[in-house]
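K.L.:
Spelled out, the chains give:
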Amino acid sequence: MKGVRHYPGFLAMAVACLVILYAPLIVVTGYSFNGSTSITTWGGFSWRWYADVFTGPDAPRFKAAAWNSITIAILAATTATAIAVAASVAMIRGGRFKGKSATFALINLPLMVPEIVTAVATLIFFSAIGLTTGYMTILIAHITFCIPFAYLPIAARLQGIEETYEQAARDLYATRAQAFRLILLPLMMPGILSGFLLAFIISLDDFIITNFVKGAGMETLPTAIFGSVKQGIKPNIMAISTMMLAVSVLFVTLSYLVNRIGQRTRS
Amino acid sequence: MAGGMTPAPQGNGTGYRAIVGPLLIPTWVMIGIFLVLPVLLMAVYSFLTKEFRGGVVWDFTLAAYDQFFLNRGLFGDEPPVIEWTYITIFWRSIWQAALATLICLIVGFPTAWFIATRPARTRAVWLFLVTVPYWVNLLIRTVSLKFLIRENGPLNESLMALGLITDPLPLVNTNLAVQLGLFYSYLPFMVLPVYAAVERYNFALSEAAADLYASRWVTLREIVLPVVKPGIIAGCILVFVPSLGAFLAPDLLGGAKTFMIGSLIDEQFRGSQGNWPFGAAAAMILMTLVLIVLTVYARAQTKGDAR
Amino acid sequence: MSTAIDIRSVVKRYGTATALHGVSLSIADNEFFTLLGPSGCGKTTLLRCIAGFEDVTEGEIRLFGQNIAGLDPNHRPVNTVFQQYALFPHMSVLENVAFGLKMKGVSLSDRTARAGRMLEMVHLSAFADRLPAQLSGGQQQRVALARALAPEPKVLLLDEPLSALDLKLRQAMRVELKTLQEQTGITFIFVTHDQEEALTMSDRIAVMSQGRVQQIGTARDIYEAPVNRFVADFIGETNLLEVTVDRIEGGIARVTLPGGHTITCPTAATTPGKHHISIRPERLSISAAGDLTATVERVVYLGTDLQLLARLTTGEEFHIRLQNSARAQVPAPGSTVALHLEEGAARLLAD
Ligand SMILES: Nc1ncnc2c1ncn2[C@@H]1O[C@H](COP(=O)(O)OP(=O)(O)O)[C@@H](O)[C@H]1O
Ligand SMILES: [Mg+2]
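Chains as they are written, first to last, in the numbering used here: chain A, 1 to 267; chain B, 1001 to 1307; chain C, 2001 to 2351.
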């Protein structure tokens, strides 16, 4: 007799799920170390395509794209996180106020509108107001769609923090600003970090919206990779992919650790 | 995500009530100006006249919608009949997205259940493993899938080496490849919310059902699925909505015959063949579809709460 | 009277931890049988083995003579009232109660009629269309009961069904449960950690501790004739004293108390030597010359009773209960009293 948690075949399905999710990534990682110029034949283990990414003919393009991607992700995630912190404090500590549910809908709007629609609308808007597409337009678009991703973990965290801590601080003569800086902000920190990490990765990931609002000559890593892939999958793309994969794994691990620490200080 | 975070009725003892306005101004400005306004403008653009090198002329017309739904012959002088080209593309997108959602559910539910029933330690490992792909760049994942299933790719090579097939399977540029791509892209979106629901599931309910003479599979149908339904619906929305407007999977894995909405819209904004009003109109129609789905979902949720 | 359930040397291990160390007991048909013991002693585990949610590691369980090992829970004619009720949240009260009948293939009209009668029996007919979440705790408890009784099981298992209710409701439900059991004639196996609950409802009680059955008997048996320190201490209030046994003969022991007095008392021990004796605090009287001498340290007013916290001249703590009557002469704290042991106050324990 097996317990009620057991269903025959579910293990197989879970394993299949992992195989499906990982097989392409593992294969590409493997082939990124292929010493051969052809992507079909195996030419022994080699770092050459990694070297190629940094020194090869495409290197300047990828370096510029990587620089853009990373700076945009940092700026967009930081700004979106700051906006989200303010918004979550207002939404969760502000009591009832007029327009609250409309604001709630507004914050979540970027999650509801399909990406391609956001992309089209943003492009139309920038062109209508005569703003030249480029770094700035990408940044603005990224900040906008990163807000809900930063907001969700921050608000969830804040909701779990009882008001009594701040009230105790106020009772002990702290001003509102001091109570925020010394009590609420440190308690919110795991949520803020999670929100930042999520926003950062979402910005780094974005292709569709960026592709619409980037303008000519401007590239981020995804658009640069997409451009190359249109000409066929070259080994250096696999090397870049593997490096981005490594960054993603690093981020999951970070956010996992942040959550672990967060759980220790849960009220 | 949708409706997941209901604002709790928390109080006023912390003094933030007085500065709600200033705290929310950045949010209102950013999303209001850079998303709401653009979407409204897009609605306006869908009623404008196209200009040839991309862009628009400010003459109001229904031409874009006319072009989408009606065929008036090559020179526009014949009696209108229904134009099937774009409706077909939308229809294909809808069923591709629906099928992807179904397959994600068929694979994702057992996976989520399996993970949620592991002991704490192994569960953390499983959860970590299914979360990683969720954080990996979608473009990279799609490119990797293409590399794996292409004509001379590792999948075909190994199947041939195993003697299971003699000629490579022509996977790339088919509906099947697009389907696989959508499924692969959004599978984690199904597993995570379903997992969250199963984790909250009270297994004593299954024991109670078994105690009352229900078999394993009857218990699944009669008790488990109805109880975790909110998680399943959330997962379905999270897979269906992005699948419907997907661009990367159909663009990289599909061909001309597997055109989906995302590519159709994208094409209208590329260089001189573009047609901005038409693209805007197609985007409006896509958004309307998504709104319908979300409204039905919200209805189902509130009905569920009322019960 | 035939045997409903026969549990033979059942051992249950979870990995290296052992929850049941060879439990044997036999429960008669139509009996109200209670498993009583502190939290963690293995009551739920034993119940789950009977219901079929856990496999026994060793030993066997027979239901009306048939070994039920290997039978899935859905094939056992045994129903459970779960501790937290486990009512199906998406089904109405009526659907919940009819569920077992539906699974057994009873037609819609028949099962609706029968579920309706069950709801009548637990006084919930007016709530048939509600969802479980719309009921109070006591009502949910009765739905759980009706749901488990509807398929007419041969044995009903109840895992601390009253523990989530408040005191008044709990007391009312005790009577209701006992009445239901007598009406239906179904064998009840009732799990609780509350001795009062066990004493008031049960035909027989098995006292468990650390995965072992310590004693089986009627309420009177286990209160008046506890076999060991655990049972004596767990059931009611008692004073445990270490004593020297001089002689045991015919179930009567001759014991020297602290202070030197010698008494005879019934015994569970069979060999002379060092043992413990249990002295019930309400079976003592204050007299001029007694079997024990104690100094009163504190007097606690309990309403119906007065509790004297005292210390024997030999140093042991000692409790005395006096009825709170107008005639009671209450010794002042600090005074020394002589205590007389009434008939049946003391019992020599096996350990
Ligand atoms: N699934 C399990 N895995 C490991 N140990 C368990 C499990 N279930 C119960 N136990 C252990 O078995 C012992 C008896 O538990 P239980 O039967 O629930 O006690 P009771 O119901 O009397 O409070 C406890 O020590 C408990 O920790
Ligand atoms: Mg228990």
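Among these hints, one or two may not hold up.
To be verified - To be clear about the criterion: a stretch of chain A counts as covered by chain B if any three or more of its residues have a C-beta under 8 Å from a C-beta of chain B, and this derived list gives those stretches:
| id | stretch |
| --- | --- |
| 1 | 16-27 |
| 2 | 48-59 |
| 3 | 115-122 |
| 4 | 127-141 |
| 5 | 247-255 |
Don't read these hints as lab results, they were simulated from the structure.
Beta carbons: idealized from backbone N, C-alpha and C, even for Gly.
K.L.:
Hint by hint, note whether the structure agrees.
P.N.:
Evaluation of the provided hints:
1. By the rule of at least three residues with a Cβ nearer than 8 Å to a Cβ of chain B, the coverage given for the stretch 16-27 of chain A holds, with 10 such residues.
2. Counting residues of the stretch 48-59 of chain A whose C-beta sits closer than 8 Å to any C-beta of chain B gives 0, which falls short of three, so the coverage hint is violated.
3. Only residues whose C-beta sits within less than 8 Å of a C-beta in chain B count toward coverage, and the stretch 115-122 of chain A has 7 of them, enough to reach three; the restraint holds.
4. For the stretch 127-141 of chain A, the assignment as covered by chain B holds, since 4 residues bring a beta-carbon within under 8 Å of that chain's beta-carbons and 3 suffice.
5. Only residues whose C-beta sits within less than 8 Å of a C-beta in chain B count toward coverage, and the stretch 247-255 of chain A has 4 of them, enough to reach three; the restraint holds.
Violated hint for the displayed structure: number 2, the only one.
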